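Each chain is listed here by its residues.
Protein chains: 2
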Amino acid sequence: MDFASFITSVLTSFIIFVVLVLVFTWLSRRPGNAPVYYPSLLLRGLDPWEGRRRGTRSPVGWIRDALSASEDDVIAAGGVDAAVYLIFLSSVLSILVFSGIVLLPVLLPVAGTDHALDLRRAAGFEPKNNSKDDSTPDFPQMERLALGNVQPSSTRLWAFLLSVYWVSFVTYFVLWKSYKHVSNLRATARSTPDVKPEEFAVLVRDVPRSSPDETIKDSVDSYFRALHPNTFYRSMVVTDHTKADKIYLEIEDHKKKIARAEVVYANSKTESNPEGTKPTHRTGFLGLIGKKVDTIEYCSEQIKELLPKLEAEQKTTLRDKQQRAAIVFFNSRSAAASASQTLHAQVFDKWTVMEAPEPREIIWSNLSRNIYERQIRQVVVYFIVFLTVVFYTVPITAVSAISTLENLRKVLPFLKVVVDRTAIKTVLQAYLPQIALIVFLALLPAFLMFLSKAEGIPSQSHVVRASAGKYFYFIVFNVFLIYTLGKTLFASLKTILNNANIGLIINMLANSLPGGATFFLTFVALKFFVGYGLELSRVVPLIIFHLKRKYLCKTEDDVRAAWYPSDLGYSTRVPNDMLITTVVLCYSVMAPLIIPFGVAYFALGWLIAKNQVLRVYVPSYESNGRMWPHMHTRIIAALLLYQATMIGVIGLKKFLYSPILVPLLPISIIFAYICHMRFYPAFANTPLEVAQHELKETPNMDAIYTAYIPPCLKPDKLEDLDVYEDAQSHSTSRAPSI
Amino acid sequence: MDFASFITSVLTSFIIFVVLVLVFTWLSRRPGNAPVYYPSLLLRGLDPWEGRRRGTRSPVGWIRDALSASEDDVIAAGGVDAAVYLIFLSSVLSILVFSGIVLLPVLLPVAGTDHALDLRRAAGFEPKNNSKDDSTPDFPQMERLALGNVQPSSTRLWAFLLSVYWVSFVTYFVLWKSYKHVSNLRATARSTPDVKPEEFAVLVRDVPRSSPDETIKDSVDSYFRALHPNTFYRSMVVTDHTKADKIYLEIEDHKKKIARAEVVYANSKTESNPEGTKPTHRTGFLGLIGKKVDTIEYCSEQIKELLPKLEAEQKTTLRDKQQRAAIVFFNSRSAAASASQTLHAQVFDKWTVMEAPEPREIIWSNLSRNIYERQIRQVVVYFIVFLTVVFYTVPITAVSAISTLENLRKVLPFLKVVVDRTAIKTVLQAYLPQIALIVFLALLPAFLMFLSKAEGIPSQSHVVRASAGKYFYFIVFNVFLIYTLGKTLFASLKTILNNANIGLIINMLANSLPGGATFFLTFVALKFFVGYGLELSRVVPLIIFHLKRKYLCKTEDDVRAAWYPSDLGYSTRVPNDMLITTVVLCYSVMAPLIIPFGVAYFALGWLIAKNQVLRVYVPSYESNGRMWPHMHTRIIAALLLYQATMIGVIGLKKFLYSPILVPLLPISIIFAYICHMRFYPAFANTPLEVAQHELKETPNMDAIYTAYIPPCLKPDKLEDLDVYEDAQSHSTSRAPSI
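First to last, the sequence lines map onto chains A and B. Its first residue numbered 1, the first sequence is counted upward by one per residue in the UniProt record's numbering. Its first residue numbered 1, the second sequence is counted upward by one per residue in the UniProt record's numbering.
Read the hints as simulated data drawn from the structure, not as lab findings. There's no promise every hint is true.
No distinction is drawn between identical chains; accordingly, a pair holds when it is met within one copy or between any pair of copies.
[Said to hold, decoys possible] The calculated lysine to any residue pairs, modelled on SDA-like cross-linking and capped at a C-alpha distance of 20 Å, are:
#	residue 1	residue 2
1	Lys177	Tyr372
2	Lys180	Tyr372
3	Lys177	Ile667
4	Lys554	Pro541
5	Lys453	Thr242
6	Lys304	Glu262
Please read all numbers here as calculations on a predicted model, not as lab measurements.
Input sequences plus hints: build the corresponding full structure.
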């Protein structure tokens with residue numbers, strides 16, 4: 001890629017971004033779009049215009065709002081998870097800013113005043129004319145400012161070597177502060193005086209088969225009452241309620257249809273037709289075939305028919321479809337915290353206990369899987385992920401190799417006509433590889449979510465973490481490693497085949513990385529300008545919302561469903577940010593010019609994410625920052641990759657002192673270990689200190705219990721709770737509640 | 001080593017063994033030796049002759065007694081730890097017996113009827129005359145019965161290949177049964193209705209620095225009272241009592257001297273001297289110089305002087321020498337079990353909790369080390385161990401290389417005169433290498449114990465485990481790997497230097513292992529005949545006891561101290577048995593003749609150990625079989641080594657189907673993982689199920705508390721307990737006991 005196409009790419013991206021920001025500024029001022037741009041505010045009952053009219057009138061008002069919002073505002077709007085995500089962005093930002101402050105003023109002059117590239121060119125290694133050999137990278141002005149322009153064994157390399165140390169220690173410092181901050185945040189969030197149902201509950205899995213004349217419910221009750229005589233409150237056995245759920249959803253669907261039909265009926269009562277037309281539909285496939293019926297009447301009848309069916313099914317489910325898992329409730333938070341961390345059974349594959357997830361994020365179908373099934377599923381899933389990660393490389397390698405147009409032209413000579421036109425060539429060269437990459441990456445997240453769910457993980461937040469982890473492997477391996485390697489591979493496939501050797505691969509990585517800098521600069525630019533522009537302007541949700549409102553929505557509920565926002569989508573967001581972190585860290589010393597791009601990416605990202613958290617997204621669960629250790633570990637992994645690469649790159653410059661960098665690797669590992677030892681346990685378990693905090697009020701244990709009943713099994717009145725419980729057990733004795 | 005020297009070695013060993021057994025039979029019948037041969041019985045107040053007179057009269061009486069003793073007898077005599085050690089021996093025995101039943105009848109004929117060795121000899125690879133080249137091993141009759149006699153690519157190799165599978169599955173089966181058995185044993189032992197102090201206590205380390213006007217005792221009290229309001233009983237802060245201990249020991253020493261002097265004085269009152277002579281001694285160095293004083297008077301005065309000093313020191317210790325660790329007592333077993341498994345502080349480097357060790361096995365000086373110090377010490381210790389393991393190889397390699405007399409003669413030609421005499425040659429060849437090896441190994445255990453203690457481990461049993469682990473690494477690496485490799489190294493040092501390559505090393509291992517079989521046969525024979533003979537006859541303790549009783553012992557206590565038995569000494573016993581396990585497993589298919597030797601070793605070992613447990617050794621701590629997971633893991637490690645070796649060895653025979661063995665490696669790892677997952681948690685922590693069992697009586701909490709007071713700080717009367725506690729804290733409020 002030459003300099004012109006790089007500038008074109010960045011400029012085009014920037015123009016798209018500016019246009020999208022303008023679109024956002026204009027659209028977000030129109031009250032009709034409020035549900036698209038301020039759904040979180042609306043849901044929390046706040047007026048998006050009140051008190052900030054001045055702000056939103058000015059095009060930078062949203063920036064001022066985002067900057068002035070405190071962490072508490074963020075937690076109130078998006079929960080601790082959103083706050084932790086912002087801390088992640090700001091941590092990476094700090095690392096890059098601190099690094100840049102030293103690296104840019106020092107390394108750019110050091111590299112810029114050397115002449116390695118000129119010398120190579122003068123020595124005839126580089127042909128000066130434009131018909132270049134395709135294995136030779138070209139050297140625009142920019143590459144003069146990078147490590148590549150420093151001559152081998154030069155003392156200038158000391159500056160680069162020390163920079164690696166500086167970046168590493170900045171990273172340690174920032175990460176330590178952030179981990180401490182997040183840890184406190186989590187402790188504060190967990191010790192609020194609000195009653196949270198999950199803090200009183202423990203998830204029990206692998207309940208052993210009780211004797212045939214005892215229900216699982218009874219055996220859970222007797223087991224926990226014996227072991228926790230003073231603190232056990234109640235248990236709820238997990239049931240297989242798929243059938244009840246189906247009936248319940250059918251009823252809900254009919255109710256919605258009635259509501260819609262009534263609106264349509266009311267609207268049809270015009271002056272010309274005071275009676276109105278009763279809406280009808282066909283009962284067959286998709287409403288296209290079958291008998292025509294009056295919707296309101298038909299649906300009411302259906303509901304009448306289904307209700308007793310549901311009740312019968314509820315009873316059957318509670319009594320006969322008990323699964324080998326239960327949620328056990330305790331009458332105090334510290335009792336639950338303590339029980340969730342204590343080994344219960346002599347044999348570990350029985351009575352496994354863990355902290356209960358929030359009711360809204362439980363994945364019911366996974367609860368009853370036994371411990372061996374979970375292990376086997378995990379192994380199988382990781383094997384599939386391994387295959388995916390490794391064999392996705394085939395198409396991506398092909399794309400990145402072909403993406404140099406010269407290669408393309410050589411392989412497909414008939415393209416010459418198109419490719420040789422300068423304008424088309426520039427645009428194609430700028431976007432082709434990046435777009436191919438982004439399309440590839442868009443296919444994956446859903447698949448990874450599916451795989452993570454199949455592992456048998458009991459909570460949504462954990463599935464998101466697992467999926468983000470897999471995505472990270474994928475992204476780093478395929479985009480980062482394979483792109484850089486792929487280029488070299490294509491150029492020197494023969495050498496590889498003759499010398500398949502690990503040392504060689506490391507050398508190759510070190511050799512090919514510097515050349516990839518401009519590619520990644522463009523990649524970062526494209527991602528952040530276009531990506532953030534789309535994110536901020538919400539063009540796609542806006543269009544969908546307006547289309548739906550115009551053609552599909554009949555009732556208020558329909559409209560609400562049309563604009564109801566999603567959550568932040570950590571499972572793709574975090575790995576993508578992690579990729580940029582990895583790329584920018586790895587190139588930070590080799591081509592310091594990448595740092596401003598990284599700073600821009602994370603600064604803009606932080607600003608826009610904060611805006612979206614405050615105004616748009618609604619969290620679908622709250623894991624109290626459980627994501628942080630995950631992010632922390634991966635930043636350290638990126639740092640390790642960076643340090644290993646730098647050892648190789650500086651070593652390749654025939655610099656005698658490059659082994660001075662080797663101690664960085666163990667230092668990073670020790671740092672990670674200390675952080676893990678010090679902070680991680682409080683993320684994996686609830687410390688008693690935290691669970692012991694006073695509650696605002698005496699907890700309403702019935703409400704806590706009810707929170708965990710799946711909607712399709714919920715009795716109509718709260719008084720029916722005892723009936724609900726009794727349906728599960730034969731004996732009806734109950735422990736006294738506090 | 002040729003066949004003659006092998007037979008000589010085994011026969012000599014066997015004769016020594018028979019002599020020692022006869023010595024034992026004769027000596028153990030003499031009542032005067034009872035304290036040497038039956039100390040455990042005496043301590044438990046049993047009469048060693050009663051009811052078993054007939055048995056001990058017959059030379060095989062002890063065998064009948066050992067065979068008829070049940071597991072409960074063993075537990076009563078030596079605790080669960082001893083029972084688990086016997087299970088370990090019998091498990092390995094079962095593995096070898098089951099393997100031998102199939103392998104011996106199948107593999108010996110298959111190997112014996114082939115002709116690979118003859119063919120090689122006929123082809124001229126092996127010179128037939130006696131002046132052999134020293135790199136050529138000789139082929140006694142025995143080696144015809146091993147894998148070496150099977151021709152390459154022969155279909156006979158299928159028998160060997162399937163045998164590897166048979167041995168592996170026998171191992172899995174036996175280990176699974178044993179783990180289950182030990183797990184039940186542990187559960188039973190832990191749920192006995194006896195009150196054990198350690199089950200009510202939790203060890204707390206890393207107590208954070210309290211405010212200056214608060215003692216550590218107060219901060220521990222307030223912290224635990226807040227977190228466990230209903231179950232907290234009391235706390236005892238660990239103090240640095242080295243000074244008090246010194247004074248206490250001085251007083252004890254003086255008391256002993258008085259007792260001894262009084263006996264001497266009483267004995268001196270003969271008829272000729274009815275007054276007697278008052279014993280005197282000198283106060284200076286070793287009683288050799290200084291003033292001569294009347295021992296009884298002098299010591300009584302010293303005690304009078306020291307007592308107030310001790311009291312003052314006790315007070316100072318309790319008040320001013322509090323350390324950052326404490327033992328916290330709970331009023332129920334399940335509360336303690338639960339507390340020891342629950343995370344207490346938000347930050348992990350504060351308030352670390354774990355199960356309290358037994359009072360008698362606490363290592364007080366290690367309790368107060370903080371978590372970072374522990375980590376650093378561990379890393380340093382492991383580094384030292386690594387160095388020891390790797391660089392001990394230098395001398396051992398030298399010994400094993402020189403140990404072929406031909407080499408010795410070549411290097412030191414003046415030895416020719418001695419070495420060429422057949423008798424000397426045979427004896428030297430038989431014993432030289434083994435004795436060198438055993439001397440080397442004897443130097444190590446004390447050093448490893450010291451290192452393990454320096455890691456900061458709080459209990460003796462854990463130190464023993466850690467030390468046994470290190471010893472195992474050492475033994476397997478140095479004795480097993482290096483002996484076999486060393487031989488080859490000496491022969492082909494040049495090849496190695498030119499081709500330093502991992503694949504080569506594996507090949508070399510596979511190549512050199514078959515030749516080592518006879519060495520290890522002799523090694524096993526020497527170890528078990530001589531070692532077990534000495535163990536059973538207790539010649540050394542017998543001599544020491546009689547010498548001491550004759551010349552040193554004055555009082556009954558002195559005599560008791562002279563025969564008081566040690567514990568089993570797991571830290572060296574287990575790794576040594578593990579080495580034999582590894583050796584026998586690895587050679588089981590290659591040279592099946594080793595199996596009978598292994599069976600004899602473990603059968604005799606089991607019998608003698610059982611006898612010694614029942615009659616001799618007294619456990620110094622009880623860890624309830626905590627050693628088992630350690631043994632289990634190492635047996636699996638030996639199995640993995642065996643499987644890897646067999647893949648190499650059968651592969652070297654140019655057998656196409658040898659990759660069929662590869663799946664065994666993952667199967668072993670999965671087996672280990674499943675065992676670990678299923679059984680290990682109950683070894684690492686106390687399951688609530690177990691802690692919940694009913695107690696025989698209401699526990700006397702004061703007695704439990706007192707059990708943990710170090711002897712030098714113990715108040716004279718039990719009523720002083722409160723004074724003891726109050727000395728540590730400023731506030732004197734106490735939680736109500738149950």
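Hint check:
For the homomeric pair Lys177 and Tyr372, the shortest alpha-carbon distance between copies (19 Å) is at most 20 Å, but the shortest distance inside one copy (39 Å) is not. For the identical chains of this complex, Lys180 and Tyr372 are inter-copy neighbours only, at 17 Å across copies versus 36 Å inside a copy, given an alpha-carbon limit of 20 Å. In this assembly of identical chains, Lys177 and Ile667 lie within 20 Å of each other by CA distance solely inside one copy; the values are 17 Å within and 44 Å between copies. In this assembly of identical chains, the alpha carbons of Lys554 and Pro541 lie at most 20 Å apart only when taken from the same copy (19 Å versus 98 Å across copies).
For the homomeric pair Lys453 and Thr242, the shortest alpha-carbon distance inside one copy (17 Å) is at most 20 Å, but the shortest distance between copies (58 Å) is not. For the identical chains of this complex, Lys304 and Glu262 are intra-copy neighbours only, at 18 Å inside a copy versus 103 Å across copies, given an alpha-carbon limit of 20 Å.
Consistency note: the structure conflicts with none of the earlier hints.
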